[in-house]
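Asks: Spelled out from the first residue to the last, the chains are:
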Amino acid sequence: MSGWLEHLVFGILATVSVLSSFLVVTRKNPIYSALFLVVMFAMVAGIFMLLDATFLGFMQLLVYAGAIMVLYLFVIMLINPRDETLPDEGGTSEKAFAAGVSLLVFALLTFGISNSDLVTEMTTPGGIPALAEVPATHGAIEAFGYELFSKHLLVFEVASILILVGIIGAVHIAMKQRPASADEDDSNEERLVTDV
Amino acid sequence: MFSLPALLYLSALLFSIGIYGVLARRNILVVLMSLELMLNAVNIALVGFGRVHALSTTSGEHGGQIFTLMVLAVAAAEAAIGLSLLLLIWRRWKTIDLRELCRLSG
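If you read the protein sequences in the order shown, they are chains A and B. With our numbering applied, the first sequence covers 5 to 200. With our numbering applied, the second sequence covers 28 to 133.
Simulated from the structure, these hints should not be mistaken for laboratory data. In this text the structure is predicted, and so the values were computed from the model without any measurement. One thing to keep in mind: the hints can contain errors.
DEER-style ranges, computed between Cβ atoms [stated by the list, open to error]: (1) C129/B x E125/A: 46 to 52 Å; (2) L122/A x R118/B: 46 to 52 Å; (3) R119/B x N119/A: 45 to 51 Å; (4) L23/A x C129/B: 42 to 48 Å; (5) R119/B x K32/A: 23 to 29 Å; (6) K180/A x C129/B: 22 to 28 Å.
Below, simulated BS3-like cross-link-like pairs (lysine-lysine); rule was C-alpha separation at most 27 Å, straight line [what the hints assert, rightly or not]: (7) K121/B x K180/A; (8) K155/A x K121/B; (9) K99/A x K121/B; (10) K99/A x K32/A.
Backbone N, C-alpha and C define an ideal beta-carbon position, used for all residues, glycine too.
Can you build the whole structure from these sequences, using the hints too?
Replies: Structure representation (structure tokens):
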């Protein structure tokens, strides 16, 4: 894929991702936020594939749009927020403050990007060059896997330990807490738990 | 235009929208979603830089993509821990309103 088609696809993906992420932060009901977040993740996966990061695109769909969103939807279902239990959102002054800070950050980032010598140096005329112009191994899943398991093996191991710690921590935190003054039923339950 | 600055501007825009979500919302669930949004914005910048950096190397290395994979793992762990803390808060205080949790500040 090259030329104007690439620009068009990128434009659509970028527009939809910005719109849906704006809807994520403005919807009152978290279910709508979660659904728009799925759209945003899918668009980012499309951008990854456009950048020849095929493996990351699929990982984005599997991990974010699959696993993490299921986690969010499960928690939303457990909490079952109704309109009267949803927190009142802040007034206009609070929103104006948040909008001001985020606009300030955006302005600073834009200033930094447009004035960076490094970005100007790295920018090639006519957009990101086609895959044919980079070394042939870039973007291939085999090459990516080989590099991950040889040159960056430590990163992989650290990530796996991090996820293991995350799983154990999440299970431990969310486990049913035993009340301090246990009545009859609870003490039975406690004994069962210690037996197991 | 599909170029490196365009990717970086998109990344900056998504990051600022995420900051707005973190600061303006009182619902912990939406604040956590905004954090995911910000991590995604950073991922776009990382992959874009990695893709352009591969032009100047002979082996076409994947440093940016591997960094992104690490961010993905951090995001997954963060979502799991954050949501289990949220469940704990819901079970104890029956609220998902951040402003009602300000008793932590003493």
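Asks: Could you run down the list of hints and mark each one as holding or not?
Replies: Hint-by-hint comparison with the structure:
A C-beta distance of roughly 47 Å is found between C129/B and E125/A, which places it inside the suggested range of 46 to 52 Å. At roughly 49 Å, the beta carbons of L122/A and R118/B sit within the given window of 46 to 52 Å. Checked against the hint of 45 to 51 Å, the pair R119/B and N119/A passes, with Cβ atoms roughly 49 Å apart. Taking the beta carbon of each, L23/A and C129/B are about 33 Å apart, not inside 42 to 48 Å as hinted.
Our hint of 23 to 29 Å for R119/B and K32/A holds, since their Cβ atoms are close to 24 Å apart. A hinted range of 22 to 28 Å holds for the C-beta pair K180/A and C129/B, which are about 27 Å apart. Among the hinted pairs, K121/B with K180/A is consistent with the structure: their alpha-carbon atoms are about 15 Å apart, no more than 27 Å. With a C-alpha separation of about 48 Å, the suggested pairing of K155/A with K121/B is violated against the 27 Å cut-off.
Between K99/A and K121/B, the direct Cα distance comes to roughly 25 Å. Compliance with the 27 Å bound is thereby established for this hinted pair. For the hint pairing K99/A with K32/A, the CA-to-CA distance comes to about 14 Å; that is within 27 Å, so the pair holds.
Of the numbered hints listed earlier, those contradicted by the structure are 4 and 8.
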